[in-house]
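Student: Whole structure, please, built from the sequences with the hints as guidance.
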Amino acid sequence: MILVGKIALALMGTAVAGVGLLCSEGMVEVNVVEKSPEVHHIFVVAPALLAPIGMHFVPRRHLQDAARQVKPYMPVIRAALEGLRETADVTLVDVREPGEHVTVVKEGGSIVVDVQDKDETVHVSVPIRAVSSTIEELAAASSENQP
Amino acid sequence: MRKGLQRAAVICLLATGALSSAMVTMAGTGERYLHVKVDDAKNGESVNVNVPLSMAEKILPAVNKGNLHAGKVTVGEAQMEGIDLHAILDAIRTAPDNEFVTVKEKDQDVRVAKSNGNLIIHVKGNKDGDQKVDVTVPMKVVDALFSTTQKDELDIAAALRALSDAGDILIVTVQDASQHVRVWVDSKNTSE
Chain L
25 MILVGKIALA LMGTAVAGVG LLCSEGMVEV NVVEKSPEVH HIFVVAPALL
75 APIGMHFVPR RHLQDAARQV KPYMPVIRAA LEGLRETADV TLVDVREPGE
125 HVTVVKEGGS IVVDVQDKDE TVHVSVPIRA VSSTIEELAA ASSENQP
Chain Z
2 MRKGLQRAAV ICLLATGALS SAMVTMAGTG ERYLHVKVDD AKNGESVNVN
52 VPLSMAEKIL PAVNKGNLHA GKVTVGEAQM EGIDLHAILD AIRTAPDNEF
102 VTVKEKDQDV RVAKSNGNLI IHVKGNKDGD QKVDVTVPMK VVDALFSTTQ
152 KDELDIAAAL RALSDAGDIL IVTVQDASQH VRVWVDSKNT SE
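So the sequence lines, in the order shown, correspond to chains L and Z.
Numbers in my numbering are just positions in the first sequence, counted from 1, shifted up by 24.
Numbers in my numbering are just positions in the second sequence, counted from 1, shifted up by 1.
Since the hints were made in silico from the structure, they are not lab data.
Keep in mind that the hints are not guaranteed to be accurate.
One side only, chain L facing chain Z, incomplete, derived with CB under 8 Å [to be verified]:
| id | residue |
| --- | --- |
| 1 | Glu53 |
| 2 | Gly107 |
| 3 | Val117 |
Cross-link-like lysine-lysine pairs, in silico, BS3-like; alpha carbons within 27 Å at most [claimed, not checked]:
| id | chain 1 | residue 1 | chain 2 | residue 2 |
| --- | --- | --- | --- | --- |
| 4 | Z | Lys141 | Z | Lys38 |
| 5 | L | Lys95 | Z | Lys66 |
| 6 | Z | Lys73 | L | Lys95 |
| 7 | Z | Lys38 | L | Lys142 |
We put the CB at the ideal spot given by N, CA and C, even for glycine.
Tutor: This is the structure in structure tokens:
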């Protein structure tokens with residue numbers, strides 16, 4: 025009986041640790057509400073760690089072209105993401121037009137993009153660390169393919 | 002005696018923690034922002050961009066493309082057209098507050114002056130609805146811009162650092178019949 029309890033405890037501990045690890049880079053949140061012609065609501069919350077992990081398993085040949093294009097800009101991207109991580113929360117961009125409002129905000133450790141227009145509302149929140157890891161994975165695909 | 006020492010150690014530890022937190026908070030509020038605000042009253046549009054200067058200072062040296070490298074921009078001889086900007090700047094720096102250039106034309110007036118440690122440029126169209134441009138740049142920023150030893154280089158990164166150290170300042174305003182553009186630096190993280 026004690027052995028079963030220990031096994032259950034170990035399994036639970038492993039599960040908690042796994043969930044903790046999976047959520048360590050925060051969560052990606054996507055919320056899309058289409059208002060017309062019909063109302064559609066898409067709401068996705070997923071661990072951000074899945075993005076770089078997923079990128080790791082994509083066959084390198086499919087990433088080669090994108091990796092080649094992104095590689096020259098990596099120093100700038102790294103500097104920008106590092107700067108973003110360290111800066112205080114700020115509304116980076118706010119654009120208003122009649123019937124449309126777009127904001128890009130640095131909030132906590134995430135970049136949050138909100139778009140509102142007469143047809144739809146889009147909310148995307150992505151942890152900066154996850155963006156960084158995903159782009160690093162993409163850039164790594166380029167060097168790995170070089171002879 | 003021993004308990005007293007332990008208590009004192011705990012109090013010191015807590016005080017250090019509180020002081021560190023306060024210092025971190027104060028450092029966080031020291032952030033400066035470059036704001037760009039474009040209002041188009043005619044079309045009911047507005048664009049606000051707020052860039053933390055610390056972020057810009059980090060990104061700029063990483064950009065190495067075209068004439069921009071390591072936070073410095075190279076201005077070719079052909080673009081300078083034989084003008085020695087360093088010599089002109091030196092003359093302005095040492096001169097007292099004054100109006101250096103006043104051009105009055107049929108279509109527009111141009112005025113370049115130095116006042117209260119700022120370099121001021123006014124351009125004003127004389128027709129109704131023409132653009133009115135005001136540029137105010139602290140001399141410290143201009144000095145930083147030309148602080149590089151190379152004559153054909155402008156040190157943008159140094160200018161950004163100087164701008165960060167300058168107080169709240171309205172740098173550029175452009176006003177025409179429908180649009181209003183403002184560029185300024187302050188310590189608020191919004192354009193309001």
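Student: Work down the list of hints and note, for each, if the structure agrees.
Tutor: Here's how the hints hold up against the structure:
1. Glu53: With a minimum Cβ separation of about 22 Å from chain Z (threshold 8 Å), the hint on Glu53 of chain L is violated.
2. Gly107: holds (3 Å)
3. Val117: Val117 of chain L check passes; min Cβ-Cβ to chain Z is 6 Å, inside 8 Å.
4. Z:Lys141 - Z:Lys38: Given that 27 Å is the threshold and the Cα spacing comes to 24 Å, the pair holds.
5. L:Lys95 - Z:Lys66: holds (14 Å)
6. Z:Lys73 - L:Lys95: Given that 27 Å is the threshold and the Cα spacing comes to 22 Å, the pair holds.
7. Z:Lys38 - L:Lys142: holds (24 Å)
Hint violations for this structure: number 1 only, all remaining hints satisfied.
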